[in-house]
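Peer 1: Residue numbers (the working numbering), protein chains in the order written: chain A, 19 to 388; chain B, 2 to 528; chain C, 0 to 357.
Hint data in this document are derived by calculation from the structure and do not stem from the laboratory. Beta carbons: idealized from backbone N, C-alpha and C, even for Gly. Possibly wrong hints are sitting among the right ones.
[As the list claims (entries may be wrong)] Using 30 Å as the maximum straight-line C-alpha spacing, the simulated DSSO-like pairs for lysine-lysine come out as follows: (1) Lys140(A) to Lys252(B); (2) Lys252(B) to Lys254(A); (3) Lys172(C) to Lys367(A); (4) Lys195(B) to Lys131(B); (5) Lys254(A) to Lys52(B); (6) Lys388(B) to Lys133(C).
[As the list claims (entries may be wrong)] To give a feel for the contact side, a few chain C residues facing chain A, derived at Cβ under 7 Å: (7) Asn195; (8) Gly197; (9) Leu199; (10) Leu349.
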Amino acid sequence: MKSKKNPFLELIQNNSVPIMFIIICAVCIPISGFSPGYLLNEIITRMGRNTFLILSLLIPIMAGMGLNFGMTLGAMAGQIALILVADWQIWGIPGIILAMIISIPISLLLGLFCGKMLNMAKGREMITSYIISYFINGLYQLVVLYMMGPIIPIIHTSIKLPRGYGIRNTVSLLNMRQHLDNLLAIRIGGAKIPVLTFLVIAMLCLFIILFRKTKLGQDMRAVGQDMDVARNAGIKVERTRIVSIIMSTVFAGLGMIIYLQNMGNIATYSSHSQIGMFCIAALLVGGASVERASIGNVFLGVTLFHLMFIVAPSTGAKITGDSMIGEYFRVFVSYGIITVALVMYEAKKRMAKSKAGKMLEDAQGKGEGN
Amino acid sequence: MSNEIPLLEIRGVKKDFFGNRVLNDINFTLKKGGILGLVGENGAGKSTLMKILFGMNVIRETGGYEGDILINGEEVNFLTPFDALEAGIGMVHQEFSLIPGFTATENILLNREPLKKNVLSEIFGDRLDKLDTSEMNRQSERAIGKMSVHIDAKMVISSMPVGHKQFTEIARELSKEQLKLLILDEPTAVLTEKEAAALLDSIRSMAAQGIAVIFITHRLHEILGVCDRVVVMRDGAVVRDALAKDADVQKITRWMVGRSVQSSREDVKIGPNKKTIMSIRKLWVDMPGEAVRNVDIDVVEGEILGIGGLAGQGKLGIPNGVMGLYHAGGTVEFDRQPIPLDSPRKCLDCSLAFVSEDRRGVGLLLDETLEWNIAFPAMQIQNKFLKKYFGGLISWRDEKAIREITKRYINELQIKCTSTKQKAKELSGGNQQKVCLAKAFALQPKFLFVSEPTRGIDVGAKSLVLSALRKFNRENGVTIMMISSELEELRMICDRIAIVSGGKIAGILPATESSESFGLLMVSQVI
Amino acid sequence: MDKTGNEATIGINTKFLEFIRGFGLPRFIIAGFLLILFIMAPFVGADFATQITNTINRFSWNAVMVLAMVPMVHSGCGLNFGLPLGIISGLLGATLSIEFGFTGATSFVMAAAIATPFALLLGGGYGWLLNKIKGGEMMIATYVGFSSVSLMCMMWLLLPYRSPTMVWGMAGKGLRTTISLEGFYDKVLANFLRINIGNLSIPVGSLLFFATLAFLMWSFLHTKTGTAMTAVGSNPVFARASGINVDKMRALSVLMSTWLSAIGILVYEQGFGFIQLYMGPFFMALPAVSAILIGGASVNKASIANVVIGTFLFQGLVTMTPTVMNSMIHMDMSEVIRVVVSNGMILYALTRKTEAKT
């Protein structure tokens, strides 16, 4: 009898988060006073910059490990690789490719550590991966701030701190800035379209789509839904989970290199720290949840979230006269959206349980009537 | 015929758990395409035998087994279930083992998917082989075709009716090419009548294709309908191995419960003039696996009322529902006062107490001391063991009184522990059970529910627990409702015994009745 | 006869091993490390008395916030990563107390008084939320903390504060990021009954204040309600079967934790001398969480002793490493060590197999 629900209403209910964001953006865009051309250009730039990173979150979600707050680990691996490449003065596309190659073993190692830890903390993967990101951040600082110089040779003074060891707060990547984006780029109207970057992203999307239909992808989906059943069927649960985290970390490392070549410099001690949060928020804005996310969610999320990101500060400034309001607002929205997603996820888990009880009760109630 | 090598031969199999003999010299054989019905009360050893046959880890962890298992005349010793699968043994468990978001096909071929090479797998290894979907569909259709029911191979498990989930499980076993022997553990428990009939047809057609089937169920008429042989187990031994055509429900029941002697107990008292202290009307309880439907029962003051029945028939649901641990409906009156359901507090306030069958999950604070475990409910419900300060504004734990009551019960029930401050998790099962009893006794209830008080404890502790209950009943006049899977135990201690079958009370008899009459009640309405 | 002797030594050996195991290897390493630091301090020229003073000082600032962890751990809500929520109530109390023109010791009392209703309100809502999402408390607590901090960032700018000591001089509105407490409650507790012996200076008042709260907490855990709360954390099903209203107990624990963290931030501010607004409370939860874990607590067990030992070890580490390490190897690695140790400790607690009920 409940199946006669209005399909339109259901559509709204299932996509309430993206719809909310569309409304926010619709209100903010006219107030902010940005031209559509400018916005379009910005969105295309940011899409090229961030999409790869966000895509790296999809695989652990498939394996039932929730939002991978440990993607920061990959970001750190990417940064270390870029610092080294910058020091060796290998620029341009070769530099980017070399950095990617160097980042992979580091990501593998970090991903392995993260995966092993998460296997020891089943049922609370998210908080654990979140703490791991802080823990590894400490080790990252140890490496970059103290070991680079004395132990890992760093030659160029433009990168090194004046005291003789450690890396400066910013490392310039001017000589590889947007090289990936500019190669094969085409201009339509005022907007530059970084075709090669999009091609790389398209390749990852294709990989993810294909991956879902492979044996490993099938195993991950099985593990994600019921570890015990998967184990009884002979699937190596722990190994599969570790592989999913390693893949996510490696992709995050590659994504971070794409992100930084677009930005043109590395904020050595802060670039990676917020990236996880913004990527996760963007994915959730696109309508994903803790247990389900698609490539469509990634693209919708990256568009809406960054639209909000661009227009919020100036809208806030126009309304209140204080530019900081908008900055705080977008941070608040990022955290708020993650909070709401987590609450909905946990509440739904409990609701599913009580619903099962209710169904039994109804059946018995009927039985009792007879 | 007789010199044909049997598919399965079980020869002198014995097994004990921690010195507790659960299987004693089991012998039987099963030929190719034969259907064998395996029956017995809970605890008769059926599931242990199947675990051995299926190479479950728990058997190896507890010291293996004695005797031989031969398949096609060759001795086998399975270290893991995968070895058993390899040798052609398939098993459908009582609990579903299915991935809810996968289709029937995906579940049928879980981890045995046919694969195709592709570019990725050439680079990254075999795990990136692509699933061969068309081959998957073909294989699952074929497996489903072996049964005489049709299920939609493309339907997602979570949206299937229960019966179809069961058939998916069976199809999964059938899809294994090497399958020679299929074990079905109570497969019809979740099926509707029509589905059950279809399943029996499927079993017949499997047998016709040369697959041997071991069929475990409590529904005796199904055994008679489909099996060629019945093996009856009791107390860890095969008591009867008969052709199905020579058996009937009465006979099997008698074999199952054994001794048809009348009990000669003289202390049974069923006072005709005693007042009813608790009356339960139209009780239903939503306890997963132990659902209760429409139960009416009256408990007489001062008696020990036993509740017996087979596992999963709802006997555990009765105390759990009345005490508010599971969602329940209906009316319960105690001492002419209505007891609200779904509220453990109200029940405890009315001087009811409950010793749960789930000792570790519900009965104990495993990480706390014995003192806490024993004194906690009495402290919270009746404000015992508390010192009041500032005119009752602050109620402080009275450690001394708590220690004393704990010591008293340690002595009374002979709880083996190092001190009153020992953690509950460090005790053995039997001693943990005694702590649970002490906890209930400390409440000084007027009415006590005891659920499976002797499950999983050794013989010494068993008799101590039973005599403590008896003493509590006879000396303090406390009415007890005791739930147990062991009929003999109920017959030893109770005054009357109610048998639950299919979530309903199948009948109430004096404890002196013969085992056979109880046995017939047990299987009367089995679902 | 010698057999018994053997048994005795084996007994001692296993007891020692068991002690280490119970104590936890990371804790053992941290305590050892701190001990080495204390021994090294005089050799590298750091004044011992100053070091002790610093450690005790920082202990007195932080101990109450660590104490705030106790109730929620007891009721099974896990580590309170949502500490910032309570801190926000404290900050509201602090700023409003100054806004209303209270000064000196009165401003501290009033700050606590004003903070209380906020803490109860926010804590009540927070408790209600945590009862809806049992099992996922810690992650959600973290993000509730973060969202509330970022929401308050906007509020600090928008709320109509007027007190010239607090708002930006130029704009005349919007609170500053750091507000000096001079003339308000700067060191009001610390200077009460302060003992000075040479370089050693002990903030007796602050310690007494903490001791009072700790004693009250200890007492609470010995009452009927406190016992029930512990039982809820130990086994919620047991507690329910024993007639305890589990949700009520959990909500109460959240309320207590939130209120204590509100008071905790006020104590911190009076010692530190400044109010830190905006992103200030953001990372306050992690040090408090790791302190109680270093002190020997686990995700579902914590005692007052854990609070005292943990805060002392953690703050000792924070104050000692910069001085000692700096003078030894001329590298200030203290920040890195702090990050690795505190997060490593939380990671250790989360990945221990003992408590994995979901």
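Peer 1: Just pull the numbers of the violated hints for me, sorted ascending.
Peer 2: 1, 2, 3, 4, 6, 7, 8 and 9
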